[in-house]
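Each protein sequence line maps, in turn, to chains S and X. Count along the first sequence starting at 1, add 21, and that's the number in this note's numbering. Count along the second sequence starting at 1, add 200, and that's the number in this note's numbering.
Worth double-checking, as some hints may not be accurate.
Unchecked claim - Restraint ranges, calculated between C-beta atoms of paired labels, are given here: (1) R460(S) <-> L257(X): 40 to 48 Å; (2) G343(S) <-> E277(X): 43 to 51 Å; (3) A284(S) <-> E277(X): 12 to 20 Å; (4) S231(X) <-> Y377(S): 38 to 46 Å; (5) G23(S) <-> E235(X): 16 to 24 Å; (6) D284(X) <-> D45(S): 45 to 53 Å; (7) E277(X) <-> D422(S): 49 to 57 Å; (8) L257(X) <-> D422(S): 26 to 34 Å; (9) D220(X) <-> A397(S): 24 to 32 Å; (10) S43(S) <-> G228(X): 37 to 45 Å; (11) R460(S) <-> E258(X): 31 to 39 Å; (12) R240(S) <-> S252(X): 37 to 45 Å.
None of these hints come from the bench; they were simulated from the model. Predicted model only: the values in this text are computed from it and were never measured. Cβ coordinates follow ideal geometry from the N, Cα and C atoms, glycine included.
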Amino acid sequence: MGELLELSVAEAAERIAAGELSRDEYFEAWQDAAAGDELNAYLWRAEDGSGDDDGPLAGIPVAVKDLFCTEGVETTAGSRILEGHRPLYTATAVRRLGGAGARMLGKTNMDEFAMGSSNENSAYGPVRNPWDRERVPGGSSGGSAAAVGGGLAPCAIGTDTGGSIRQPAALCGIVGLKPTYGAISRYGMIAFASSLDQCGPLARNVTDAALLLDALQGRDPCDSTSVGIKGGIEAPSREDLKGLRFAAPVELAHDAIEPGVRAVFEATLARIEELGGEVAEAPLPHAEHGISAYYVIAPAEASSNLARYDGVRYGMRSGDGGDLIEMYETTRAEGFGEEVKRRIMLGTYALSSGYYEAYYGRAQKVRTKIAEDFAAAFAEFDFVVTPTSPSVAFRLGEKTDDPLAMYMNDFFTVPMSLAGIPAISIPAGLAEPDGGGPRLPVGFQIAAPAFAEQRLLEAAYALEQGIGFYSKSKGGDDG
Amino acid sequence: MIERDQVLHVAKLARLRLSDDELERMAGELSGILEHVDRIGELDLDDVKPTSHVVELENVLRPDGPRPSWPREAVLEQAPDPADGAFRVPSPQAEA
């Protein structure tokens, strides 16, 4: 059975299509693996595995972040306020996977309403990193990343608003892709910051991520911002990086990068050159203001989106003894966790009379400048590259008392989100954390122009072969 | 620096009840975050158009035809306090 789990999703799908592997046997092997979850990665696991078993993903188990509505299956978004909530419908992204033959393996743990970078903001307890259980898996798609990195799922989907797929993928030693805003429908994805939220795949290799993306992408009449990716996505096959130009932004070389992460990043730049690619420094002057703009825009949108949790139509209610306002205030006080309250407060403040222009208005202008910076870079370069995260996985509890320190985890991932462009994190090597200890995975981020996913995946694939990380990683065995 | 009174005002706008401890802590934390955010105040952003959305979209139109909605019973099953085919809530006016 162990052998079955070693197969990549692409290999398994091929064997299933050729009739050499039973889809039930394959699914059950992964159900058994998922049942051994010691990382708190799952909030719910499928007991039977029914699916429309036809299509490119026939019989493939997929772990689904608990931010996606699933008909009749509890969907909490990691929040107490939605405990026990059973949606009436299934998110388009999940339906599309099912339409391609995939089966839902389970719902994964996450930072409450996708707000966090460590998965410590879940109302259902933190997720552990498969490489070191005293460390965080990253967030907010921490359960999805830990499940894939820890051998509890062959692949997963998550959501990325400011780095929530890429950062946990980096910290768990797997591949995570945030597609272009608009590539995948957001219908049925519980909203955090609607102008930034985007669904994407987490997988053990670039080819598997491409396979999932092809199934997920597409226009959806239920999400007017979804446009899909023209021509779909094919399995990447590029073997070198000849003729491709990679920009390493000077402004992002900030001093908070761990030395180990910096060393792996520089080794990866050298690897790009070995593969025939060209690397040069390029200016991205406003990217360093990404965190400031993001932590105004995202909380502002969240404060509006989360107004719907009022104890009236669904979810929990508390404070019924008083008047209506008291019921609202008590329900929200008891239903939301600390970080969610902080962001609602931050967003409400930034949108309130007298502060709107200074904060929200300016942040939206910074967003324009960041998008212009990328456009200028892409006029000369094919890709922009950075470390995915300034550090390897940090210890549980290390940053929980300092919100700003936690937000800085998103330093490298937020600019791409604000610009709406696709970016992938691939495992690039291992590095010792600051303060010593066993070596942990380091992610390398590659960003491309809007809707250039195929080119992005081709380059990531070539680099992945050059690095050879997957073949030598041990995943959960280090736990 | 955000004062405690401001935090209380914003919490009211957001329909959040905060304990005294939370009010104190929130005032400090929000001040710290906003101090960082205030750096964008130094940028020259005159004549820059704000971006509210990255995808250039025309209005997306569809025929305005009738479609079935969710069955009332199924929707009410998810409600904390359904009554008489509707959502029941406490009175908006505090009892005297």
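Each hint, compared with the structure:
For the pair R460(S) and L257(X), the supplied restraint of 40 to 48 Å holds, since their beta-carbon distance comes to about 45 Å. Checking the proposed 43 to 51 Å range against G343(S) and E277(X) shows it is violated: the Cβ atoms sit about 26 Å from each other. For A284(S) paired with E277(X), a C-beta distance near 56 Å fails the hint of 12 to 20 Å. One distance hint, 38 to 46 Å for the beta-carbon pair S231(X) and Y377(S), is violated here, with the actual separation near 19 Å.
Remark: the range hint 16 to 24 Å for G23(S) to E235(X) is contradicted by a beta-carbon distance near 52 Å. Evaluation of the 45 to 53 Å hint for D284(X) and D45(S) yields a pass: the beta carbon distance comes to about 47 Å. Look at E277(X) against D422(S): about 41 Å separates their beta carbons, and that is not inside 49 to 57 Å. Distance hint check for L257(X) and D422(S): the Cβ-Cβ separation is about 42 Å, which falls outside the suggested range of 26 to 34 Å.
Checking the proposed 24 to 32 Å range against D220(X) and A397(S) shows it is violated: the Cβ atoms sit about 50 Å from each other. Between S43(S) and G228(X) the beta carbon distance is about 59 Å. The supplied range of 37 to 45 Å is therefore violated. Range check, R460(S) to E258(X): Cβ separation about 51 Å, and the 31 to 39 Å hint is violated. Between R240(S) and S252(X) the Cβ separation comes to about 21 Å, which falls outside the hinted range of 37 to 45 Å.
Violated hints, in rising order: 2, 3, 4, 5, 7, 8, 9, 10, 11, 12; the structure is consistent with all others.
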